[in-house]
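These protein sequence lines are chains U, C, L and X, in that order. Quick note: the first sequence uses our numbering, first residue 1, plus one each step. Quick note: the second sequence uses our numbering, first residue 1001, plus one each step. Quick note: the third sequence uses our numbering, first residue 2001, plus one each step. Quick note: the fourth sequence uses our numbering, first residue 3001, plus one each step.
Among the hints, a few may not be true.
What the hints assert, rightly or not - What follows is a list of derived Cβ distance ranges for each label pair:
| id | chain 1 | residue 1 | chain 2 | residue 2 | range |
| --- | --- | --- | --- | --- | --- |
| 1 | L | G2094 | C | S1240 | 17 to 23 Å |
| 2 | U | S395 | C | D1190 | 28 to 34 Å |
| 3 | X | G3196 | L | E2305 | 37 to 43 Å |
| 4 | X | L3071 | C | L1148 | 17 to 23 Å |
| 5 | C | E1089 | U | A127 | 34 to 40 Å |
Said to hold, decoys possible - Partial pick of chain C residues on the chain U-facing surface, computed with a CB cut under 10 Å:
| id | residue |
| --- | --- |
| 6 | D1093 |
| 7 | Y1154 |
| 8 | R1165 |
| 9 | R1188 |
| 10 | P1282 |
| 11 | G1283 |
| 12 | D1296 |
What the hints assert, rightly or not - Stretch by stretch, here's where chain U covers chain X in the computed footprint (C-beta under 8 Å, at least three residues):
| id | segment |
| --- | --- |
| 13 | 3057-3068 |
| 14 | 3221-3230 |
Simulated from the structure, these hints should not be mistaken for lab results. All C-beta atoms in this analysis are idealised placements derived from N, C-alpha and C, irrespective of residue type, glycine included.
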Amino acid sequence: GASASEDADAPVDQGSPDKILNVAFVGDMQVPDPDIFYEVEGNLVVTSAYEGLVRYVPDSAEIEPALAESWTVSDDGLTYTFALRPDVSFPSGATMDADTWITSFQRRIDVEGAPSYMLADVVETAAPDPLTFVVTLGSPVSAFLDYMAAPYGPKAVDPTVLESEDGGDLAQSYLASNSAGTGPYQISRFELGQGYELTANPTYWDGEPYFTAIDISIVPDVTTQRLMLENGELDMILHGLPVADVESFRSNPDFQVIQFPVLLKTAISANPNKGMFEDPAARAALQTVFDKAALTEQVYRDQASISTQIYPAGVLPAGLAADAPEVDSSALEALIAALPDGERTIDMAYSDDEGGTLPRLAEIVAAQLGELGAEVTVRPIPIAQVFDLVNDPLSGPDLLLWTFNPDAAEPDGWIRIFMNSEGPVNFLQCSVPEADALMDQGLAAVDEASIEQFYAEAGSAIVDSGCYVTIADLQDVVVARAGITGFVHQLPTPYTVRLKDLREE
Amino acid sequence: MVRFIAGRLASVIGVLLVLSFVMLLLQRYTPADPVRAKLGANANPELVAQERARLGYDDPLPLQYVRYVSDLASGDLQESLRTRRPVAEDIGDFLPATAELGAVALLFALFLGTILGIASSARSRGSGVLRVVLVAGSSVPVFLLVLLSLLLFYRQLGWLPATGRTGLRDAPDGPTRFLLIDSLIAGRPDAFFDAAHHLVLPSICLAIGPAVAIGRVLRGGILDTLELDYTRTARSLGMSERSVVLRHSLRNAIGPTLSIAGLQVGLMFAGIVVVESIVAWPGIGLYTVQSIPRLDFPAIAGVTLI
Amino acid sequence: MLSANTRSAARPGEALLNRAEPQQSVAIVDSLEVTFHRNRQRLPALRGVSLEVNAGEILGLVGESGSGKSVTGMALLGLLPRTAEVRGSAVVQGTDMVAATENARREARRQHLGAIFQDPMTSLDPTMTIGRQISEAATSKDAALELLRSVGVPDPERRLKAYPHQLSGGLRQRVMIAMAIASQPSLIIADEPTTALDVSVQAQILELLSELRTRLGTSMIFVTHDLAVAAQIADRIAVMYAGRIAEIGTAEQVFSEPRHPYSQGLLRSRVSLRTDRERPLATLSGEPPLLHDLPTGCPFAPRCEHALQACEEELPRLRPVAASTTKATSLTACIRAEELDQIDHEEAASWGPVATELAGYGNPRDLPLVMDNVHKSFTVEKRFRHRRTLKALRGVSLRLERGESVALVGESGSGKSTLLRVAVGLTHPDDGEVRIGEGEPPQIVFQDAGASMTPWLTIGTLLEERVSSASRADRRTFAEQALELVGLDVSIAKAKPRELSGGQRQRAAIARAIVKPPALLLCDEPTSALDVSLAANALNLIGSLRRRLGMSVLFVTHDLAAARLVGDRIAVMYLGRIVEIGPADEVISDPLHPYTKSLIASMPGAQRREAPTDGEVPSAIDVPAGCSFRARCNRAVSCCATDDPTLVAVSATQRSVACHNPVSS
Amino acid sequence: MSVTLQEAATELSATDSLRSFWSRLERIWAGARANVGTSVIVIFSIAALGAPLIAPHPPDAIVGEPFLTPLSSGALLGTDDVGRDMLTRILFGMQSSWLSALVVIASGVLVGGIIGLIAGAAGGLVDSVLMRITDTFLALPGPVLAIAVVAALGPSLRNTLVAVAVVWWPLYARVVRAQIRELAARPHVEAAQLAGASRLRILTHHLLPGAGPVAIVAATLDVSALILTLASLSFLGLGAPAPAPELGAMSARGLPYLLEFWWIPVLPSVAIFCLAVIANLAGDAIRDREAQR
Ligand SMILES: Nc1ncnc2c1ncn2[C@@H]1O[C@H](COP(=O)(O)OP(=O)(O)OP(=O)(O)O)[C@@H](O)[C@H]1O
Ligand SMILES: Nc1ncnc2c1ncn2[C@@H]1O[C@H](COP(=O)(O)OP(=O)(O)OP(=O)(O)O)[C@@H](O)[C@H]1O
Ligand SMILES: [Mg+2]
Ligand SMILES: [Mg+2]
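This is chain U alone, in the form it adopts within the complex:
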């Protein structure tokens, strides 16, 4: 067995060919229903159990075939035709065909889960023949193919299961703890609070996975996770280890540290509706205050790269929508000095979700602003309250520090939800009408070049508003037992590696 568990009481069946990979989550995932699941923790499960029509090339924003062997897009950008792979079947024995996709799309729309927005513009699905799936949109959506490749994108769900387990709720109860996808693994145990088990899908179309089972336990405390990794009870830690701990594993020959680029950006939002940063000059001055390189080095060492674009790195070619000003703190210092007493306060908050690095970054940022003469207070805001800031920016903080990821490796999903005037998570309600118009044009555009152009300009407009100071693009850091190989990672799926490709020497 792959599990090097030293737990004497756990009988490790040496003779069996079971190869078990042990990993841990820091908390329970949401339900593993592909049409509901919309979180970071848990991608590992959903993307192993289900597959979409297309997927991203590892570490790239390029799209490659998955369940669809090939695809075409009509010139008006309204019709997508997917040629399906013929040899794919579900564990139940049912084969994956165009009808599968019609029911899967319909289910996603009917379930009305968070990711259903991806299909909001679909007006028709059709199956001219069993291996051809045609999707018609009401208006062009330049990001549509990216949606299909996204971790939260539509997945093939076994129609026979949907029918037999319907239960009046579109099989939601069943899929809350079981899987019905074509992926390399199936959920064989799903116990909240205790852990989940995935077992290899023997009929997987792309060859049997090396590991026969994946055991996912829930271990909220990273120190405990680290101890378990050192004792061999875990084979890898996918995220959450403090930066310094990662460094110490790097020098330990029994372990390996693997890093991947990922769409995960840390930034500071300035509140243009109140306080010191109501003044555009102050916002502009703020953008130049921080030595991003030094900050990144101090907080993330080499587990992140300096942010140079308003978009997560990799979404647009380098140099577009640039956010890399010269460092100069004198402007803000002068501005603060000019403020009357009592107005030099800065209420800085950070979204309290990740635990690890944001508090530290917040404290360093606060200290730096303090040195410029501001009176900074720092407070965490629980993630649920961060989402509520939108409703009343005046009660929000002056500065908000956050780390978020887009759903797909395309620009619209990032800029539209975070930075559009109507954006559901435009936390501090920074409105840039010019950018709004540009991103609408970008979404409706059809050719590659103009799409890029529109989004680059929209991004620049946002940068010019001074509402954001991007700090760093984080990397996914995996610490694993030495000897495990075959790490494959996709840009928009943090904390996740492709389980199917893992092997052991």
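Once you've looked at the hints, dock chains C, L and X with the ligands against the given chain U.
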């Protein structure tokens, strides 16, 4: 007797009514949007509005309250925003593990506390050391205590497992959902010992604080009773000091001690939450910890009501 | 002279004196010194006590509180606290309970010693059945049953399963005795075994103990503070004072012709049914010395009217002194023991008349207290069962004349305190009427003076509280006057209650009641917690104050002798009823109610014409139909079972009685 | 002549009052010394208040490189993950932990004391209603309520303290009530009633002072429990938020560094340990002293 039970019942119902109202108020006036948290950043506003309506967040407060209470009366604690399962069901799943841990910890606490109480009141040899160890242990924040014990007993010595309730994949999931009991029922000594092995570290870490409190009360009680006339009677009959303590003092000091132990159960919860999240104990504490950042109010309220 | 020896049981040898034949003694205490330490002070509780206990003998140990009686007993049991510093020896059947190892002492306790303590309620473990507790002493269940039977516990099988609180006080004490004799010990230490009991039960227990002594031949050390009780049961008596034996001799000699001035004082201040009512009691002045501040010479010298210079210089040793009339020799620790006979005691002047300028009256024609057919019940909740009513007062009528003093006697639970509380309005009656004269409201002097004063307030504050409306300076004057009236130093106003001695405390409590003299003073057993000499002082004080201030007094006591002394009239209560009331001397000398008669017969030292009443006061929860005393009455007639007698005046006298068949003189 | 006399008189009274002042001070000091427990607590409170004076740096100042080990130059106990001086922060942390504990306990004793006093003295219906309410609060799992309150109102030390205080008083209400009941059954209360004391006076003069010692003993023994509870809540993210130097929060937030930079979580815990042990010892000392009486 009937009166007594009726009175207790009435007060429990009163507690629940007040508590659920407080919970509702908190939930209502929280500057947070749990629905948005549930649906995610990209969810479109219509969907959010729909979901809010479905969960009744837009209804007037009294209506929400009536609904919550009537649901409560039928044993329905609403649905968790996080797990999307009925909170009652979640609690049913998570509670046994906590109950088992808590019960074992309480037993340890009683055991250690009793030994401490007896030893330090009889000033027997070694009681000083015991007292110092326990008082020191109880003065360390429990999270550090657990982690340091893990470092020692798991990493250095390898004597105890780190996480979970059991290392067995096929542990019995029997009628009581108490692993110790279930494995006995299923006739699985291996599972029993494995579960016990997993229980040792978290339950002792949890037990130390209450043990000191119990020991302190017990010592006071024993010292008090040792001054009493009936222990003098027992001595005059030629009983040894030890049997006087065991037969008479202990019996009479145990009452107040048990009521302290009862209070400790309440205080132990913070510890349970902490310990569960460190040793990944699949219990109600873990459930709560996960519900906090998501402002999963139905879940938090449910746990509080329990 | 009273004859102490009225018991029917024969003494095992009249010749027994203070010195036993060595082979016969079961316990020898030799130069025992016990010192405690508290607050860095040495407290020499015993200072060289030597005594012997002969086989089959009862040795009475008498003395005031703190004189070291219990310490002597505990030393013999080997149960002194470890912190005590002990010198000398206390050998019981060959084991030195001072020096032997813990195991040896325990073995001696198990085999040779038994103990009976004062409070049978607290001396038994409340959480264990009687059966289990006895089994700690007895070998088998049959043995336990046999033991219970032998100490006169009726229905022993049922009692084995009972818990202590389910038994009456007398039965509990019998259980204690059963446990003490279980191992057939050669010596029983009985530390005030009857002090907490009612007189009639006390008489029964004393009877039982001496009967057991003759039956089993066990020796006994009987600790008591009541000389009369000791005289009644003991063969020899040792009088202790400040950790030393002041005098030791035969019971008859010590009781009738004590040689030590302290013993004499004790005897004189004892209230009996023959004490002269017309004048204050003779008392011992002062209080016992504090242990941490003992005089170098005779510890009694500061209180002794015969003290000489020499007394203050040197500790007197015990030496034989012959008594003149009984011809018995006692050992007495007094250098002037022989001369004392020659000194005459002055009689105190008789009481003055009761003041006519009556205190605290609004309307001079008011009666201080009129109670008419007062009923009072309490609901006592029995767990898991329906509530039950306890009838504490069942139709009590009582009138107090101005300036009159009425003594209320009755056994524990008869409703005396309830009556007082109803009278002052602390409790409201269920039925009936209570009228109080206008003016200064009545005050109560409580049994436990310490407990009746707020521990953290000074005496001054407590006294001034009575006159809170007066100006600050006036309040102070009032308080000082009151302190002077009760004979306390004004400086005591600054002290807190626990800093005072027992006697001072009781005086301060009385002072509090008379800061503004009320028309009616109610006293709830104000002397029962006090030593003989202090009790006599308190009785004198109350007697003189009520006369000087013209107060009416309702004086509650369970001691008929005190009642007779204080009360112009005596009212006898039984189970929430007044069963007899009349002028004090008449009630005592010529009781009409059989209950009164039996109470008198139960008094220790009384010349008993008949045996004390059997049984104990039944529970006030289930008062039997008809006459409530019927079951214990030897004069019961048929109508007693059905008709409840009411209090009716006996024609041509001032007396009333509630009995169908009163005792005829 | 008369003038000088008067002067002499005033001078006399001045020295007199000075002397009485001194003797009073001496008495207070003697009392405090005898009262080991109380004095330890007082001394600690003073030290906690004085943290700003003793501490070498402001609590939030970055004084050097992050992760400096203890005994580095310039940072006696090292620096934390941001580069702030551990010693400074621990001193300030002791201040905030200690004062937090005292605030919660004081409010608990106050509220619980008043409720216990009223319930115990009134008896009957008032008593049973108040005690029902108290039991209700007692039945609340304190930490859970704290979790709910803090989850709702956001993490801040104040919210946590409020939440904890809400569930902390019932213990004192119980203790005080029991003691008051016991006292109320003593004859001294009836004696005071007969002496003409008003209800209020009986309450404040004849009952309340008697409940003081038990409440104080309970309170001192609770200090450590409270400090540890606050630390646990900090671990759950419910304590003082990020930069605030609060011992529990510092230790809890530093926990991920346990294996690499042990001093960051351990040293604050050591401080907690000291506080808890001191509070425990003080509580035991006070209790023993009370028991001796
Ligand atoms: N354990 C002890 N520690 C300190 N002093 C003690 C102790 N036991 C007794 N004493 C002191 O020794 C003295 C004698 O006590 P003892 O109990 O023998 O008195 P007593 O004659 O039995 O009085 P009482 O009639 O009150 O029972 C008292 O002053 C008492 O305070
Ligand atoms: N508050 C009360 N609640 C219930 N029962 C009471 C109460 N007060 C008195 N009793 C009961 O009423 C009866 C009479 O009590 P009371 O105190 O008047 O007797 P007493 O004659 O003063 O006895 P003692 O000599 O023991 O003081 C007793 O049985 C007692 O238990
Ligand atoms: Mg005694
Ligand atoms: Mg009474």
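Evaluation of the provided hints:
no.: 1; hint: L:G2094 - C:S1240: 17 to 23 Å; in the structure: holds, 21 Å
no.: 2; hint: U:S395 - C:D1190: 28 to 34 Å; in the structure: violated, 58 Å
no.: 3; hint: X:G3196 - L:E2305: 37 to 43 Å; in the structure: holds, 42 Å
no.: 4; hint: X:L3071 - C:L1148: 17 to 23 Å; in the structure: holds, 22 Å
no.: 5; hint: C:E1089 - U:A127: 34 to 40 Å; in the structure: holds, 39 Å
no.: 6; hint: D1093; in the structure: holds, 6 Å
no.: 7; hint: Y1154; in the structure: holds, 6 Å
no.: 8; hint: R1165; in the structure: holds, 8 Å
no.: 9; hint: R1188; in the structure: violated, 12 Å
no.: 10; hint: P1282; in the structure: holds, 4 Å
no.: 11; hint: G1283; in the structure: holds, 7 Å
no.: 12; hint: D1296; in the structure: holds, 9 Å
no.: 13; hint: 3057-3068; in the structure: holds (count 5)
no.: 14; hint: 3221-3230; in the structure: violated (count 0)
Hints 2, 9, 14, counting from the list given before, are not met by this structure.
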